[in-house]
Structure formats: C-alpha cells, structure tokens
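Protein chains: 4
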Amino acid sequence: MPKRKICVVVASRANYGRVKSVLRAIKQHPKLDLQLVVGASALLYRFGRVIDIIKEDGFIPLRSIYYVVEGENLSTQAKSTGLGIIELTSAFEDLNPDIVVTVADRFETMSTAIASSYMNIPLAHIQGGEVTGNIDEPVRHAITKLAHIHFPATQKSAERIIKLGEEPWRVHITGCPSIDLLQNSDLTVSKKLFDRYGGIGYPLNPDQPYILMVQHPVTTEFGKGATQVTATLNALKTRKEQKIVLWPNIDAGSDHVSKAIRIFREKNYTENFHYYRGFSPEDYNAILNNAVCVVGNSSSFIREGSYLGTPAVIVGDRQEGREHGENIIFADYSEDDIARKIDIQIKHGKYACSVVFGEGTAGIQIAQILSEIPLIINKRMTY
Amino acid sequence: MPKRKICVVVASRANYGRVKSVLRAIKQHPKLDLQLVVGASALLYRFGRVIDIIKEDGFIPLRSIYYVVEGENLSTQAKSTGLGIIELTSAFEDLNPDIVVTVADRFETMSTAIASSYMNIPLAHIQGGEVTGNIDEPVRHAITKLAHIHFPATQKSAERIIKLGEEPWRVHITGCPSIDLLQNSDLTVSKKLFDRYGGIGYPLNPDQPYILMVQHPVTTEFGKGATQVTATLNALKTRKEQKIVLWPNIDAGSDHVSKAIRIFREKNYTENFHYYRGFSPEDYNAILNNAVCVVGNSSSFIREGSYLGTPAVIVGDRQEGREHGENIIFADYSEDDIARKIDIQIKHGKYACSVVFGEGTAGIQIAQILSEIPLIINKRMTY
Amino acid sequence: MPKRKICVVVASRANYGRVKSVLRAIKQHPKLDLQLVVGASALLYRFGRVIDIIKEDGFIPLRSIYYVVEGENLSTQAKSTGLGIIELTSAFEDLNPDIVVTVADRFETMSTAIASSYMNIPLAHIQGGEVTGNIDEPVRHAITKLAHIHFPATQKSAERIIKLGEEPWRVHITGCPSIDLLQNSDLTVSKKLFDRYGGIGYPLNPDQPYILMVQHPVTTEFGKGATQVTATLNALKTRKEQKIVLWPNIDAGSDHVSKAIRIFREKNYTENFHYYRGFSPEDYNAILNNAVCVVGNSSSFIREGSYLGTPAVIVGDRQEGREHGENIIFADYSEDDIARKIDIQIKHGKYACSVVFGEGTAGIQIAQILSEIPLIINKRMTY
Amino acid sequence: MPKRKICVVVASRANYGRVKSVLRAIKQHPKLDLQLVVGASALLYRFGRVIDIIKEDGFIPLRSIYYVVEGENLSTQAKSTGLGIIELTSAFEDLNPDIVVTVADRFETMSTAIASSYMNIPLAHIQGGEVTGNIDEPVRHAITKLAHIHFPATQKSAERIIKLGEEPWRVHITGCPSIDLLQNSDLTVSKKLFDRYGGIGYPLNPDQPYILMVQHPVTTEFGKGATQVTATLNALKTRKEQKIVLWPNIDAGSDHVSKAIRIFREKNYTENFHYYRGFSPEDYNAILNNAVCVVGNSSSFIREGSYLGTPAVIVGDRQEGREHGENIIFADYSEDDIARKIDIQIKHGKYACSVVFGEGTAGIQIAQILSEIPLIINKRMTY
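As given, the protein sequences belong to chains A, B, C and D, one line each in that order. So that you can map any letter, position 73 of the first sequence is 73 in this note's numbering, and since no number is skipped, the others follow by simple counting. So that you can map any letter, position 277 of the second sequence is 277 in this note's numbering, and since no number is skipped, the others follow by simple counting. So that you can map any letter, position 312 of the third sequence is 312 in this note's numbering, and since no number is skipped, the others follow by simple counting. So that you can map any letter, position 2 of the fourth sequence is 2 in this note's numbering, and since no number is skipped, the others follow by simple counting.
Hints are computed from structural coordinates only; laboratory data are not their basis. Some hints could be false.
Unchecked claim - Footprint (simulated), chain A over chain B, 3 or more residues, beta carbon under 8 Å:
id: 1; segment: 78 to 85
id: 2; segment: 133 to 143
id: 3; segment: 155 to 165
id: 4; segment: 211 to 224
id: 5; segment: 336 to 347
id: 6; segment: 366 to 380
Beta carbons: idealized from backbone N, C-alpha and C, even for Gly.
Here chain A stands alone, though its shape is the one from the complex (with noise of 0.2 Å):
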C-alpha cells in the first residue's frame, strides 16, 4: 500500500513550535510521507525568518510561498487569507496529498482550511475546540467545521467540538504537540543562547532574573494595540529585573504595537531591555522556563507555561476563556495593575506542572491516528 502523504502547512512562527513534535513524528512514520509546505510570516525576516530555523532541524519545505499583503491592518489581513488560498490550491494541485494538516487559528490557518475543503482534501486540524477572544475565536471554530480530523488539546476542547456537531470518530484527544517539546530537551539559558539571536538592546546576563514579555495585537480592539502595550512596557520600566521582549506576531495592528515598542526604545535606551524578533521553539521554552514572570497575551504563556509552571500575568481579552493551570493571573490594560500582578507572581515563584495541555505524547499520537483513520469527505452533524 502506498503511503498516506500528509501535506503540514507552517505559515508562522508560533505554527512552528505548535507541530514540530508532529513534523517529526510523520517524517519517521513508515506509512506516511511529509510534505512540508511554509508560507506567510514564517518566512519573513520580520518576523524571525522561522524558515531557517525549520531547515536547521533538518525539515526539507517542498514549497516556500510568499502571501502577506503588508500592511498589517484589517483589509491586508483578509486580503492575506485570500492570497493564500489561491497560492495553496496551486500548491496542494500540484502535491495532491492524501490529508492536509493545519494548526491553530489564524488567517493563514483559514487559507488552509478553504483550499484543502473545497478540494476534497480531508483536513486535520491541531488545537481546536478551545476558548478564547479576538477574531481567532471564530475563525477557531469555523475551521473545526471545515476540518475532517480534529485533535484537540485538552479534554474540555475535545467537549466542545463534539458539541460543535463533530462526529465522536473523527476527534482524538492526543495533548498539545507544543508540550511534547518539553520533554527530553535542554531547558536552561545561556550566554550563548542570548547571544544566538542577536536583537537588540540591553546585554542580558543569564545569571540575573528577567522577565519576559510577548504581547500581540488583538484584532478585535484594532487601533488600541499602541496604547494597550505601552502600559504593559511602562510597568514593566518599575521592575529592576532584566527584561525580554519579543515583537509581535503579523495580526491585524501588529504595526501599531511594533510602533509603540519602537518608541519606547527610543525614550529607553539605557533601560535594561532586549529586544528579540524570535527563537527556535526550544530555545523560547528555554526562555519561557527561566522566566521569573513572563506577561503579555502570548498562549505559550498559558499553553507551555502551565506545564512549565512559569509565573504569567496575562493582559487583556485575548486568552479570556481559555484553559489554564494554576500559574495563570490575569490583569487589565492598565500600568498600575499589571506591576501589582507582576509584583505578586514574582513573590510567589515556579507553580507546580499542570498537564492541561497534555502530557508531551501528541506528535507521536498524531501520526498514528493520520495514519489509520478512514478518510471520508462527506461529514454530517450530529444533529
């Protein structure tokens, strides 16, 4: 029997980290052959390049497509998943896999889910089912109802998709593969590690606590990003601890945040920050774990930071809803309470693991159910 072709999508950096367990648990299956596809922000060098990183472990991308229309706003946003379908149909045309897997939520996700549906191709989709704010919440879970093949994080997730009409056979609670990159690696930093990267700013010494922040636009507040994260820098500029920052992701309003940043910088050189355009996925869990309190809106923080047990104060709507372990504090867009939380998760320190997100096994569970599941086109509610 020839073997199934799963064509995996990576179309940003934070996919990346979302499947690479899966990439490498495909690629030594015996009845399945990887077709790597990267597209969108993961290669853009604004965005950290994450192609090269993806290369560098040894992953061979069948085609790289470029389908960002710049500009960072609403319109360039939808016109983006628009680009992308057309780009992915040609792809998938000419790669003609046997399944298509997508991660996640974002609009390159969507593009992804569009082409492969309306081609017949049966489409798996990692981590839906979960709750949070911001557009992705729907698109979330209008993907699930595009999707053939689900695989939810957590078992609330896996509720929710059935709930969602999902026939039982076709959801499997495996765990998020970004957990299984906890396992088995390297969690500490080091000079070297800071140094790998570059950025910008202030020497970071491995050896003095920091903090780290990642905070990303939220498309559904578009035009209050610049506002919304300098109250999250300026409480940070009270700490005397070292701090990280990263820049954000390509969401709508991703402009108006890496404006803020910018100009904070400028008003800030001396200050002890550094800033970063991005990591490969075990070195950011290296960051992440090292952390004295990591604050933003990034769902590493509650996904990978739950299981790490990483202090988080969480800002804004963005993850409102979602699952979380005990590490999880949320404040509002404001100076003042976003330092009082950040004061209260330093003194409290490292919270235990929480396995919400699984417990490190879903690449490996992944490619074994991609390799046996019937592949029916035909879906039908369950109710």
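Based on these hints, arrange chains B, C and D on the given structure of chain A.
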C-alpha cells in the same frame, strides 16, 4: 442618527431569489441605506447574468465585481473564493458598511463572510443552520461561526445555530425570504414568459403539462456529474410531458454536467426538451408552480416547492437532511428509480402548502432587525 | 554540464500551434530539458481544451494552472493577466528554469513575460516585431522590451526589433514555428477528421467545397464584436459552399462574438454551417489547406495561409500592417464588401506558396540557439 | 463639456515627489478632475507612509490600496505587480477615468500601465525614454510601448521614445515635474526639519556639514545588496562629517540592504550616523540641497541633484547611462573608490545649476496637454 449602511452581496442566480425581498425591504426602510454589490456568476452570461434582471428590478449595484476563476472544478472553486476575498475586501474598505449581509452556503458566500469578519464588520447570515449534503454543508456552518447575526428560515435551523454555540440574542427566525416572493405575485405561465428568455430547443406550449429539471453538480462527488445527470435526462425522455431544463450553477463539476446535457441535447434534437440559462425569481417561481413535477436537486424544489406544493423528485444526496414539506420524494442516481418516482409524483398531483420555510414576511422582519440590533463584534461561545 | 531547463508556457489554443515544433525540438535536444507549463484558456472546455491534445501528442505538462477570470471583457482580461503573474511566479520559483519561452502577444503572454523578467529569468520571445491592430500590437512590443532573446519570424520583424533598441546578438530570424507543422504532414481532410471533433450543426461532406470562418473580437473595438461577426455570417449565408465556423478566442469581447454566433445559429438551423470549438494544430492546418476560402481575422490565415496559398478575406483592422503572402485580401465590416471579396477569392483559387514566414525549420533552430546563447540578464538599449 | 477625469496613481515615496506638481496643476485646471489613487509602498510604515504627507498637502485619495506582497525579493516583486493589476483594474472600473497617469519604471508603475492599457483607458507616462541599469530599464521602455501619451523630461529621452516607434504627436518634452518643486521653495535645513521625522541615531546639527546616503537594491544583481551597501557605509565611516542615511525602497533585495544597514548601525552606535524612513518631497529637496555630498544610487541625485548642483557620488550601475549634470561622479562598489570620490566631490563643492531635466514648469504643461490632447487608443508603430 445616520442611517445604517447595509451591504448585501449577491453572487449568483440563486442568491438573488433568496434576498430580493430583503433588498426591497432595506431600500424602503427609513433607517437603512442599501449598498448592493453584485459579483461572481451573477455577472456571467453562461449563468444567466442575473445582474440584468437586478437592474430591471430597479436596484442599482454600487459595484460589479468579476471574481470567478474559470474551470468549474475543485481548484477553481477554491481560487475563486480567494480572489473574491481580495476583491470584496477592497470594496468593503471603500463602501465602509455597518453590516454585511450574505446568503446561504456557496463559495462566493464564504468570500463575503471571510472578508467582512476579518475586517470587523458585523456579518448577517440568511439561511444558516440548515442541513444538506455537499461541501455546502460544512461551509454553511463555518459561516455561522463567523457571522454575528443569524436569520434562519426555520425553528429547527435556529435550534441548530444555538447548539453551535451562538448566543441566542443573535438568532432570529424570520422564515426564508424566498417565500416572500410567492405572495401577491402572478404565478401563472404563458407563451410570453417562455419566449422572453429565449433558450434553445422544443417550442413550449404553456397549456400543456411540463416537467422542470434543475440538477447541479455535487462537489463532494466531483467527477460523477455526467453520469448522474444523464440518468435523470434518460428518465425524463421516457415521459411524454414537455421538459424544461435549466443549466447547472457554477459549482465544481458544472462543466461535466453541462457537457452531458449538451451531448444529450445533440442526440435528442427532436425530443420535447427546452433548455434555459435562467429566469427572474418571479418567473422561475411561476414555472416551478405550474410544473406537474420537478426533478433534480435544486434547493428551490424544497424551499419554494414545499410552499407551492409542487410534486418533486430529489435525486441524490445534495439535499439530504434538509427539512421539507410533503411534496418531496427522494430517488437514487438511477434512471429506473427516477422514472418510477416521477410517475408516482405526477399521479399524485399538487400537495398542500407547507409553511415550514415561513409565511412570506422574512424581508420586512430582517430589515427591521438590521435597523435595531446591537452591533457587537466580540462573540463568545455559549459553552 | 547540466542541461538547460527550458520552461515553455502554453496558454491558449493558438499558442500550441505556434510552439509545437519548438516543444518537439527542445524535447529531442541533448542539452535541453523541457519544462512544459499549460495554463489559462488552454485548459478550458469552451476554448477547446488544447491540453488534451497536448497530452495526446506525448507532452507531459509539469503544471496545469487555471488563471482566467471569467467575463471576457476588458476588466477580466486585465485581471487574468494579474492572476497569471501571481500563479506563474510561484510555478517558476518552483521549477527554477534557465530560460522561459513565450509566444506572441496575448494577455497570457504578458503574464509570462512579467513573471519571468521580474524574477531575473532570461525570457525568449517568439513572433516579436510583427505589426498588427488590436491591443496585441502594443503588448507585443512591450514584451520585446522585456525579452532577452528574440525569435522573429521574418526579416522585417527582426529589423523592427533592432529598431526598438534591442542588441542585434539577441535577435535570431528563424521563421515561424507554425510553418514547421506544414512539413511532412497529411494536409487532407476526411469524414473521420470532421467527426473526431464533434461540433454542432450541418453534417460536413469532405468532398464538397467549404469555407472556413475564424473571427476573434477586437479588444480595441470592444462592444462592436456582435455587429462585426454578424456581417461576416450574413455574407457567408449567401454562399452555397459548406461553412465551418470556429468559436472565437478568449479576448475581451469574446462573449459578444459568441453570443452573436449563437443567435445566428438558432435562426439558421437549416443552413449548411458547422460549428467547432477547436482542432489539433495539424488537423486545423488540413482544414485551412483545403478551404476554398477562409474569412475572418485569424492570424493563421496570414501565417500558415500564406504558405499554403489559401485564398483569404481578412475582415477589419485586427491584422492591419502584418506582412503576408499574395493570398490575402482585406474587407470592411460590411456584408456586401465581405461577400464581394469572398467571390473574388473563390474565383481566383489557390495561390502560390509564400515563404515570408519561413521554410519550416524554426523549431530546430530555436532549440539549438536556446542551448548555446549566453544568458545575460542586463540589457542595454542600443541608443 | 464635462471635465476630463485624470486618475493619477502614486505608489511609492519616490513617485510622489515626481508628480506632486502635476497633481497640483491638475487640481487647479478648470477642465480637469483629479482622481488620486494611492497604493503599494506609499501606504507602508516601513517606507515612510507617504500617504500621510499627501493628505497633509491637501490631496484627498479616492482609493488607498494595499497590494505589496511582503518579502522584498524577486518573486514578491512579480506577485505584487500581479496583485496590483487586479486591484487597480477594479478601481479603474469604478472610477472610470478618461486618462490614467503613471510615473517612471517600478513594478507598481507596471501594474498601472497594464491595468489601464488592457482596459482601453489612455495611459500617460511621465519620465519615459531615459536610460539606466536595473530591471527598471526594460520595464520603462515596455511601459512606453503601452502608453498613449508621453511626457519625457529631456530632449534625448523624447528622441528615444520616438525611435521606439511612438508617433511624435504623442510625445511632449515637459521637463521633469520633480524640478518644479525646487522653484519658490525653502531649500534650507533646520533643527526643526531634522526633528520632525524622528528617525534614529546621532543627533544632527543643521549648522554642521553632512553627507546624505540613499542606496537602493539593484534587482538585476539580487543577492549582492548587503555587500554593496556595506562598502558605502564603511567609506562614509571614514568621514568626519555627519551622515544622513535613508532606508532603501521596496525593490527586490531591499531586505538585504536594510539588514546590512541595521547590522552596521548596531556595530557603530557611537558614530555620527542618523537613519530616516522618509521625508516630504520639499524637505527631502532641502536636505539634498544642503548636503556637502550625496552618495548612493538614488535617481534624485541625478535629477534634482543636477539642478541643485549637489556633488554626488553614484555607486554601481543602477543609474548607468542616465543623462546628468556636471555634479555626478561614478564609483565602483569599493570602499576605497567610494571614499576617494567623496573626497573629490567635497573638495569641489557645489556645481552650477543644470537644466537638463527642465526648468520647473512640467506640472503646468502636463495638465494643459492632458486637457487638450486627442484620446486615441489605437497606436501604430511608425515603422
């Protein structure tokens, strides 16, 4: 207070019949401004150029946008969706509507849904919550998850939408606007009506009985359309009644169906078949009303047909699961089965009127709700 | 030394006849690898699906790309060009050719020219330097300015290319590859040939005289196509010979011309007209060769027709200024003038062979030059 | 008689300086209506968001269209052209201009040229007929072949356009509109001017001498940009004068150049370099006017620079062959050669004003011609 700008996108022949009464009601509402956008197959000669009828009816499109990538296969269906998103994004940016209205479940509808939801424009969806076969099925529910205001046609559809996690205040059962057109309108056929649209083939006599056939491709069974439609045509050939055949819509596989019809036509020049590209919604309703039987898989057989009580033979799975009146019988893709069911239906004759799809006030209700409903972009799942 | 990868883009029915001998010569050349890309109307049923013939001829397309935006008007012609650039860019990126080859002057050709020249891939252009009417005229010369290697068909065309400032070493007079197909090929017609392509209308008798009509829209006279073609059809109706009519190409206005032909056909069912969508290049040549007269504005009447000596009546400006043999007479868009010129031509009968477009060795010459010519991207005007 | 609608497309920072006086003259002309469309990099923060300056100057864009595909490489340059064609086609269809005006030779210009010429809208082209290096060179002449009205800046350019086979009545030597802005405008620099645009780096003193560097990528030498710009930066580092560095434009390779500048900046924080994203045309002119030397490959050094007499060192081939004043010296991509030429130029000091690019009345002349010239779509080559 300024009027709310309501942008309605009409993208196919079928779309127009579904929203005509809504367009009229919006146009007449003192608190609403209609922004009509016509696009995709609604502009194309091969699909009956509904835009000409729209203009004759007194509506003035603010934009006419070509975005169908020709080919009528699975790839071009996906690409058209992508191109539609790009084009509609630019149009919405320029028109700046308060609400976008979309209908049903086709790829053009998906373009509208994605463009507006990524642009943070509240999306109203007509005909959500229904259950059928085809790719339309998952697309319809994906659009529900993207939409902010729902106008389902039936009680059961509304319940399904709420089960999908939509907040109940966003869901309004209005009945289907297509039923509105059956009120106070002349539902008789005449020589003049038959002549107005030209068409090709056997000269029709309005005083003699006729059967109407409308059979679209089934995208999830791409490649089988020619065989499927040929079975129906052969079954019809055994009947002595006149036959009216409508060309299929633009879905993937349309080409196969059209070609099979053309081949049948060439071989059966002397038979009493007449072929049309399309009609105005009202004239179509009159033809539907007076047919002794309708055969194929058009949703109009179920929707308007149930209200009119026209005996219908639904071939294949495309409408599987949809609510319907007593007038519906299902048949396999088999010449014999279809012929047998046609015979049953013609012997039965007209059925009683069913109001499962409403009583004809949908347009006015929808306009009123659009003028009042709070416009809240952030959606939360109810579970 | 690795073989040079030569990517040839075939994007229409006409394109294929123009490059078939080039494809063959590249395929057979020891230092060349053929990368065949088929796209646009070459894939579409309405335009004869040349791709099926291409495959039957033993060529294997590496890519089949749909990029025609349906509508056949000025806007969709422009949009198709844009979509073609996007699609071909992705294809070229993946195929990574050493040289791209394009033919003639249509919008699909422009897509190829822009994609390859912006990607720094040397572009070879066949049939540059000719003079005609239509938007094709400026587009042809614009492509010359983008191209790096020129294969004009005639001495005069070569001179024009050099006058346009192109470096003489880049210009090679090879004759037109379309003439190559007239060598060693069976140029007789038969019942079998007529039947192979189906078509519609009057049953043709190969032993009786027939007139061939091919009349395309003139984009720079958009909107007048129906009137123009109707004059020709009416003129043909006055003749007792059998008539073969080919549907028009996809240029803006195609819809108008097609519609007028359909209307004429409906009204003249009993007349001796037969309508075809397309032929293989060789079969088309046979039909062209045996016609007692050809009427319309196809460039084949001038190119292959001059070599074959087929009496031709060229209607309107579309071919104005093009070099030609003795076989050509021009007529206005007037039924009377066309009828009169047809009469003159049929009375005259066959003309002597003209070799203005070459002697049938273009394909082999082009392949050889492609294997040797220096690939220098930087162009300098010679003045 | 209704006014002629003149649609001008401004698609980059450089574009605006080139047409500002034309926009003003059209706006003030009694027989013309200005339709301003702003698109591509003119909307992007990274390239100085010229649209903000345009609005401050009192022009109201009817459309702002994002169509840059991010990546700054050869592929995205081509794809952006394609997307631009699609978007501009829809805009032109809606705005329905009598004439479209485009400037120069970049990919955005090509989009405009193709969209308008395929739509049968007469195209006026400013700055045709010049000779340079880069992909701009063939693109410029291709646009000439598509354009219907030509406004070359110089006598020699006009002669070249006519040699290209354009009808002389379509060619009007008006001088370059960029020179118009040098009339009656304040060409002095001040602290306020330097502060207005923020920028980053060493605090500039307007009373001390400074060197201006503007070095764009050379698309036909894609991949070499980092080395090339680093040579220039190192040469500049040897000078004691203050340095103003402008980020490069969006051409393929921009990313490489930007990255090299960023690396240089990181390593040379304490040096007297200041980095800007862009200026208004007038402020740029003042900075150009007062520089003791300008270095790089910007066409402004040749155009405005020749008129102002600013000593300029042109690095590499990008401007090769262009007409220029006495103020220009060429250098290789070599630190030593560049340093030596800078030294020569600074020792020489200001040159006399050259009027090779006109005397400052281009805008008014162009507007007047646009109001009178016959609009004839059909073009014939003159040979």
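A quick look at each hint next to the structure:
no.	hint	in the structure
1	78 to 85	holds (count 7)
2	133 to 143	holds (count 8)
3	155 to 165	holds (count 4)
4	211 to 224	holds (count 3)
5	336 to 347	violated (count 0)
6	366 to 380	holds (count 4)
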